[in-house]
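Trainee: Model the placement of chain B on the given structure of chain A, informed by the hints.
Protein chains: 2
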Amino acid sequence: MNMKRNGLLFIISAPSGAGKTSLFKKVIEKLGDIKASVSHTTRSPRPDERNGVDYHFIRQEEFQEKIKRGEFIEWAEVHGNLYGTSVENLKIIQDRGLDLILDIDIQGAEKIRKAYKDAICIFILPPSIEILEDRLKGRGSDSEKEIQKRLNRAKEEILHYKDYDYVIINADIDKAADELRSIIIAERCRVATAKNILSLVGGM
Amino acid sequence: MNMKRNGLLFIISAPSGAGKTSLFKKVIEKLGDIKASVSHTTRSPRPDERNGVDYHFIRQEEFQEKIKRGEFIEWAEVHGNLYGTSVENLKIIQDRGLDLILDIDIQGAEKIRKAYKDAICIFILPPSIEILEDRLKGRGSDSEKEIQKRLNRAKEEILHYKDYDYVIINADIDKAADELRSIIIAERCRVATAKNILSLVGGM
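Line by line, the protein sequences give chains A and B. With our numbering, letter number 122 in the first sequence gets 124, and the count goes up by one each step, no holes. With our numbering, letter number 154 in the second sequence gets 156, and the count goes up by one each step, no holes.
Just chain A, same shape as in the assembly (with noise of 0.2 Å):
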C-alpha cells in the first residue's frame, strides 16, 4: 500500500514590517520537517542574505529568459525588481511528499492559489501601523521616500487579509511563532489530509 501523501503547500503574506522573515525562519527550525520555498530575484541581497537560502539572486537577462522558458508559476516586479517562484520549488510536495512553505506577496498568493486549490494561506499582521512603521524604519537599508512607499503599500495590503485561511499578529515573536506552527500541525491532522489513517483504520 502506497502510504505517502502528498506534501501540503503553505503560503505565508505579509506587509513589509510585520516581521515576517523571522518568525518565518524560527518555525522551519522549530519544526524541523517543512522546507522553505526559495524564490528567485534580481534585487540586491542585504547584508544578511544568503544566496540560496533567503533568494536566488540572479541577473535581470537570467530572469527574464527563465521567464521566457516558463519556468516560474508566478513572477512580479515589486519596486522596481523582479520576483518569481519556480516550478522546480513546488514539485517537491509531490515528488518527494515534503510539507513546503511558501513567502510571497499578496498579488503572487493569488497566483498560486489558482494552480493549487489546496494552498493553505496565513496571513501576518503587524499589531499596529505605529509599529510596522517603526519596523520599516529600523531596517535602516531604505530611505524615508521608500519607506512611505512600502508604509503605504502596507496600508493597502492589509485589507487583503480577509482572502487568507488565518491571521497571526506579530505583536510577540515567540507567540506568533507557536501559532504558526500551530497552523501546521493541525493542518496536517485534517481529516482530508491525514491520509495514513487510511491504512490504519482498514487494518482494524
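Be aware that one or more of the hints could be misleading.
Since the list gives no way to pick one copy over another, a pair counts as held whenever it fits inside one copy or between any two copies.
Stated by the list, open to error - In silico SDA-like pairs for lysine to any residue, Cα to Cα no more than 20 Å straight-line:
1. Lys177 with Leu33
2. Lys37 with Arg190
3. Lys28 with Ile187
4. Lys177 with Gly34
5. Lys177 with Ile30
6. Lys27 with Leu11
7. Lys119 with Val193
8. Lys119 with Ala194
These are computed hints drawn from the structure, not numbers from a lab.
Mentor: Just chain B, lined up with the frame of chain A:
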C-alpha cells in the same frame, strides 16, 4: 467597540480506550484558557472520578426530570446508563466568550453539530485495535464481556472519523496533546474567528 467574540466549541469524540480523557485533561491544563464541558450521567463514578469535575453524577429520576424540563441539548443511553449535555453548559460560549471543549460520543456529537454548525470536531484514534484492547483491559473496572462489548462498539465507531474535521492518532500522549493544543490555537487564528483583527485593521 465590542471586541468580545463568541467562544469556540470543540467537540472531541473517540472510541473508549483511545485515551481521550487523559489527553483532554492534559491539554486543558496546558492551555489554561479553555473550559471543559461537564456532562451529566446516571452511571456510578469510577474511583478516580470527582462529581462536578468529571461528570455531574445524578440519579435516574433527576435525569428524567431534566429531560422533561428540556435542560439537555442532547442525551443518550449508553451501556444502560444515561448521559446528557445541559444547555446551561454551552451558554458560557455566548455569554462569556470562552472556548469550550465537549467530550462526547459520536451520536451526541452528531446532535450537537446540528445545533452548533461552527463546532470544530476532533476524532481521537488509537494506534491499533490491539492497543485499544490492551487499554480497555488495563482499565480494570470492566468485565471481559463488557470489554468485548466496548471493543465491538469501538470498531464500528472508528469508521465515523470521516464526519470530523480533524483526526489525532493517540500513539504517544505528548505528541497527541501537542496536536490537540495546536488545533485549538490554529482555530483561534482562523480569519472567520479572529474577530479582534477587525478592530485592529479598522484602526489602520
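Trainee: Please go over all the hints and tell whether each is borne out by the structure.
Mentor: Here is what the structure says about each hint:
1. Lys177 with Leu33: Classified as both; 15 Å inside a copy, 13 Å across copies.
2. Lys37 with Arg190: Classified as within; 15 Å inside a copy, 25 Å across copies.
3. Lys28 with Ile187: both (15 Å within a copy, 18 Å between copies)
4. Lys177 with Gly34: Both: 18 Å inside a chain and 15 Å across chains, each within 20 Å.
5. Lys177 with Ile30: both (15 Å within a copy, 18 Å between copies)
6. Lys27 with Leu11: Answer is within; shortest intra-copy Cα gap is 16 Å, inter-copy 32 Å.
7. Lys119 with Val193: Result: close both inside a copy and across copies, 17 Å intra and 18 Å inter.
8. Lys119 with Ala194: both (14 Å within a copy, 19 Å between copies)
In this structure, every one of the numbered hints holds.
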